[in-house]
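A.B. asks: Guided by the hints, dock chain B onto chain A, whose structure is given.
Quick mapping for you: the protein sequence lines, in order, are chains A and B. Under the working numbering, read the first sequence as residues 17 to 295, first letter to last. Under the working numbering, read the second sequence as residues 17 to 295, first letter to last.
Any given hint might turn out to be false.
One copy or two, it doesn't matter: identical chains are merged, so the pair holds either way.
[Stated by the list, open to error] Each computed DMTMM-like pair below joins lysine to aspartate or glutamate, with the alpha-carbon atoms no more than 25 Å apart:
no. : residue 1 : residue 2
1   : Lys188    : Asp160
2   : Lys135    : Asp36
3   : Lys291    : Asp139
4   : Lys162    : Asp36
5   : Lys162    : Glu77
6   : Lys132    : Asp120
Derived from the structure by calculation, the hints contain no laboratory data.
Number of protein chains: 2
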Amino acid sequence: MQVYLNGRYIDHSEAMIPVDDRGFLFADGVYEVVRIYGGRAFLMQPHMRRLRAGLAALHIEGDVEDSLTDVAERLIRDNGVDGDGTIYIQVTRGVAPRRHAFPDPAVSPSVYVFAKPFKQYPDDYFNTGVAAVSVPDTRWTRCDIKSIALLPNVLANQQAHRAGAFEALFVKDGVLIEGSHSNLFGVLDGTLLTYPSCNYILSGITRTLVLEMARELGIPAAEAPIPWDRIDDVEELFLSGTTTEVMPVARVDDRVIGGGTRGPVTTRLQQAYSKRARG
Amino acid sequence: MQVYLNGRYIDHSEAMIPVDDRGFLFADGVYEVVRIYGGRAFLMQPHMRRLRAGLAALHIEGDVEDSLTDVAERLIRDNGVDGDGTIYIQVTRGVAPRRHAFPDPAVSPSVYVFAKPFKQYPDDYFNTGVAAVSVPDTRWTRCDIKSIALLPNVLANQQAHRAGAFEALFVKDGVLIEGSHSNLFGVLDGTLLTYPSCNYILSGITRTLVLEMARELGIPAAEAPIPWDRIDDVEELFLSGTTTEVMPVARVDDRVIGGGTRGPVTTRLQQAYSKRARG
Chain A
17 MQVYLNGRYI DHSEAMIPVD DRGFLFADGV YEVVRIYGGR AFLMQPHMRR LRAGLAALHI
77 EGDVEDSLTD VAERLIRDNG VDGDGTIYIQ VTRGVAPRRH AFPDPAVSPS VYVFAKPFKQ
137 YPDDYFNTGV AAVSVPDTRW TRCDIKSIAL LPNVLANQQA HRAGAFEALF VKDGVLIEGS
197 HSNLFGVLDG TLLTYPSCNY ILSGITRTLV LEMARELGIP AAEAPIPWDR IDDVEELFLS
257 GTTTEVMPVA RVDDRVIGGG TRGPVTTRLQ QAYSKRARG
Chain B
17 MQVYLNGRYI DHSEAMIPVD DRGFLFADGV YEVVRIYGGR AFLMQPHMRR LRAGLAALHI
77 EGDVEDSLTD VAERLIRDNG VDGDGTIYIQ VTRGVAPRRH AFPDPAVSPS VYVFAKPFKQ
137 YPDDYFNTGV AAVSVPDTRW TRCDIKSIAL LPNVLANQQA HRAGAFEALF VKDGVLIEGS
197 HSNLFGVLDG TLLTYPSCNY ILSGITRTLV LEMARELGIP AAEAPIPWDR IDDVEELFLS
257 GTTTEVMPVA RVDDRVIGGG TRGPVTTRLQ QAYSKRARG
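Next up, chain A with everything else stripped away, as it sits in the complex:
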């Protein structure tokens, strides 16, 4: 596989970074995962906007993101990703002797990009739903930045994995927040709910699309949290994300959600998503 690293197209096996990269020492960087359908990047522009916002939040300077669309297209072509795939983009503050404060003067950011085929999750996941576990939200309070400081997400996701579940759902102050690598939607009292866009969640590109599709379909929706103590009243629950798409959750811990399978609102949104993504 050819990957892009700091201006060069090289084989993945040769893609190495210095130990002094601040991504390695401090998790000082951001990333994006973009979906490829039929060999074409899906929603590249919103992903680039979010990347730009993340770089600005971390005060990482440089016009690194300007060329990334071209880089992604070349990697898709060179690696023959003509079906489903993903693009991964990571930008860190760059390489400098280890100290917490930013290097002064600033150094060039490190940019790493790959594009590769993505094997879609099994049909069952989308048709009947997946299991999830609830976990305490241990993360920092700037989850709106898509940073590579993902250790809490890793630990939560591993907890799901160990329990044979697909996703871990963060619970904070008595409400469901989002998944370890997806956003969360639920239908409660007939209204589609998702946690408000703020510093406690990563505002997903697919999440925004789901809200947009719900509006178009006339599905009543609100950005409001789902209280954990009302989990037994939740009629439908689903995850949204770049690789997760719109994925029903049939069970959380030992609770069966709604009818224990995909519900009607989820189905309609899946169909709308499929139309957008696959045309």
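C.D. replies: Okay, now just chain B, sitting in the frame of chain A:
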């Protein structure tokens, strides 16, 4: 400079890690900084115990830490660090294709170690004290793990740096917690206070030593938080840490602390520290 990377002693300029290292992609690892005085590692054993605890908390398997004392000694020798210095040790979960859950089967952890001379901070810092800024504590709730997910610490430290201050002090729920790379002590109503050892702080090796020295010196001490709204009543304030040692804080934001210089409790603890460290 010779460094150690995964079993090899190589020049620092050649020390590269694959982009798939989970330290680079997920901040999935821990680290230690150990002080060298007169060419000898100081308090190596407690640092190794903490490293072991961190690896256990992250379920990173392997007896990586057993040989680290030997590795450190060789690096000190080979790099001629015969005065003051630091040893840096970082262990990540290893190299694996990017997915959140742990690689299964497990891969070998990546181990990176360097030892180099450390230029002591200016005498003024220790004699009259440094400035600090207060910042909201944005970090995750497992600060007891010395993880490389240091982005919040970086941002806080940079805020201090920008303000011309030495350290940023995290404030959470109305109390002072600790610094971005040091622990915090204060004297209030004649008692030495420091935030209790729990999941909200990194329990520093120097912090433990300070508490031990206070006991020996008969200084009344308690593990209790310093309320932010009592900052004007604080008689002395100091940082503790591996490179910070025992460093007075003369000012926080626009508040002068105590007499605006090093206080008597800080002085006694500095003297006791110096005796332990430099004999």
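A.B. asks: Determine for every hint whether it applies to the structure shown.
C.D. replies: Results for each hint:
1. Lys188 <-> Asp160: both (15 Å within a copy, 20 Å between copies)
2. Lys135 <-> Asp36: This pair counts as between: shortest inter-copy Cα distance 19 Å, intra-copy 34 Å.
3. Lys291 <-> Asp139: within (17 Å within a copy, 67 Å between copies)
4. Lys162 <-> Asp36: both (22 Å within a copy, 18 Å between copies)
5. Lys162 <-> Glu77: Classified as within; 16 Å inside a copy, 28 Å across copies.
6. Lys132 <-> Asp120: Close across copies (21 Å), not inside one copy (36 Å); limit 25 Å.
Of the numbered hints listed earlier, not one is contradicted by the structure.
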